[in-house]
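Chemist: Spelled out from the first residue to the last, the chains are:
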Amino acid sequence: MNHEPHDDAKEREWALQEQAFKAERLVLGAADNTKLERYRTVMRALRQPMDDELAPDFAHNVAASVMQCDDMKLELYASWALLAVLAMMLLGVLVRYSAVWMRLASNPWLVALAACVALSGLLGKLWPEHAASRG
Amino acid sequence: MSQTDRQLVHAVLANAPGAFERLVREHQALCWHIIYRMVRHPEDARELCQDTFLRVHQHLRQYRHESALKSWIGRVAYTVALRHLERKRIAVVSPHEEEEALDRLENMGDGFDLEAAQASNELAAYLHKAIDTLPPLQRMLLTLYHLDELSIDEIAQITGLATGTIKSHLFRSRLRLRQQLETAYGELP
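Line by line, the protein sequences give chains A and B. Residue 52 in the working numbering sits at position 52 of the first sequence; the count goes up by one each step and never skips. Here the working numbering runs 135 ahead of the position in the second sequence, where the first position is 1.
Pulled out of the complex, with its shape left as it was, chain B reads as follows (with noise of 0.2 Å):
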């Protein structure tokens, strides 16, 4: 945990003017990406991370500096998201994705004129719509690997899984884009 995180927690807990603002202004974009990725409604999104940060609040004397408080604030908003998710009835993963990704690296050709493909923006909104079907827990570990640019470990960290299954999960997700963004290009003018 660094310095500043510590200043910070110390900061909040005594009441310092501006700086539960500051440390939700520092952390709200990871926040975002793990209940938005996760939840995909934009209201329900807004709502939870508000929910997360009033937890973060009244649990912050509950933090023992043993992770980065990046990861903390992390794991409560992968929590809030998860309870909602089960509130509505929500899988957060695929029950069968390890045969279907198997069977997707089997079949794979290689016809494909990236070229071609890139110039095309339908590509693009098409490769992100594929993203939006991915199941909610695939979609947030990419989104954390690959936009937040967390490692594994803090992946981990956050989500409780671990870094084996969470491996497994980005190998199988970008294999399915892939193959998705292939079969748009066969399917695009």
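Just chain A, same shape as in the assembly (with noise of 0.2 Å):
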């Protein structure tokens, strides 16, 4: 209890706690030292091992379910190159048809449709509950 010095009751009933440890790590014999022999009791408690165990085959389990994560990252990591490549393919068919996209996008009607669709579809995200309503 060396953060508080001062107290000189608490230090003595600190050093009786650690001299009952020690006594129970050493299986010493029974002190004529009532006080002592108390905290012994204590100390025997504490040092029992828990009424619950991990199972025996815990160990396996754990290095098992890092082996099935690792597989699933390489999973995972095959999806993103498979979206990235599907993304570049969606880019170069932009491209490929860019007079195409131009062509319509000149034309005022489909541009207006365009916007009606995209603002309907932004309102039904912004307010969910009322596009569920109407609905």
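These are computed hints drawn from the structure, not numbers from a lab. The beta-carbon is built from N, C-alpha and C at its ideal position, and this holds for glycine as well. Relax, there's no trap hidden among the hints.
Here are the simulated DSS-like pairs of lysine-lysine, each with C-alpha atoms no more than 30 Å apart in a straight line:
#1 B:264 to A:22
#2 B:223 to B:205
#3 B:223 to B:264
#4 B:264 to B:205
#5 B:205 to A:73
#6 A:35 to A:22
#7 A:10 to A:35
#8 A:10 to B:264
#9 B:205 to A:22
#10 B:264 to A:35
#11 A:10 to A:22
Chain B side only, calculated, beta carbon under 10 Å to chain A, not exhaustive:
#12 150
#13 302
#14 312
These two chains come separately, so use the hints to put the complex back together.
Modeler: Okay, here's the thing in structure tokens:
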């Protein structure tokens, strides 16, 4: 208890507790000190194994889960790679047919239709409960 | 950090067969003691132990060999248990523990027949129940100090608490158990 050295009673009690702890560790015989023996009973209980333990195959199962996670990570990386290829292909299509898109974009009716579709979709996202009640 | 720890960490990072299983086997008892003592619910504790080792595997590259591997893994287990208790809104320490401890120290009597008390199995069971009633942090600190026989410095590395705080918790909880032991003896036939 070196953080409160001014408190002698606490210091003595701490020393007694530590003495009891050491006596239990070294399996010493009973002492002629009632207080010390009380603490030894407490220390004995504290040193007893817990009432429940991990299963004997716990380590094996955890290691197996880690292997499974590694496999899943590989799958995830493969999915991302496929997505990237898809995105590149989409970009290629956009560039390849840019003349067609430009022609469509020059038609004001088509632009207005696209704007309406986009706006209704956006409103549905912003106020989903309102959109649902209407539907 | 020991050479064995260093070799084991390198083996796990190199994906050597059986290395991670060996790491788990070597440190699962400490992990269980930390988590089960704090959480108390066996099923939750098992899941959290598994979560701890998954995190250890995930972050092992960040381990800088500055402390023993045991302390580093213990720290991960402690953090996992602490977050679980926070999510469940369970307090890890009792707010008025200091005042209660001083009162107990002042009011403690000497009239106690220990020999008669030791003869009773009921008393041992009562003591274990008394340990269970301690706040999670104190239960865990007592276990690390008495059952795992970790030094106060090692416990400080695991919990991040100051050594004085750990000593204070140990002192108060052992005092409380001693008092409860006496109360139990008085109540036994």
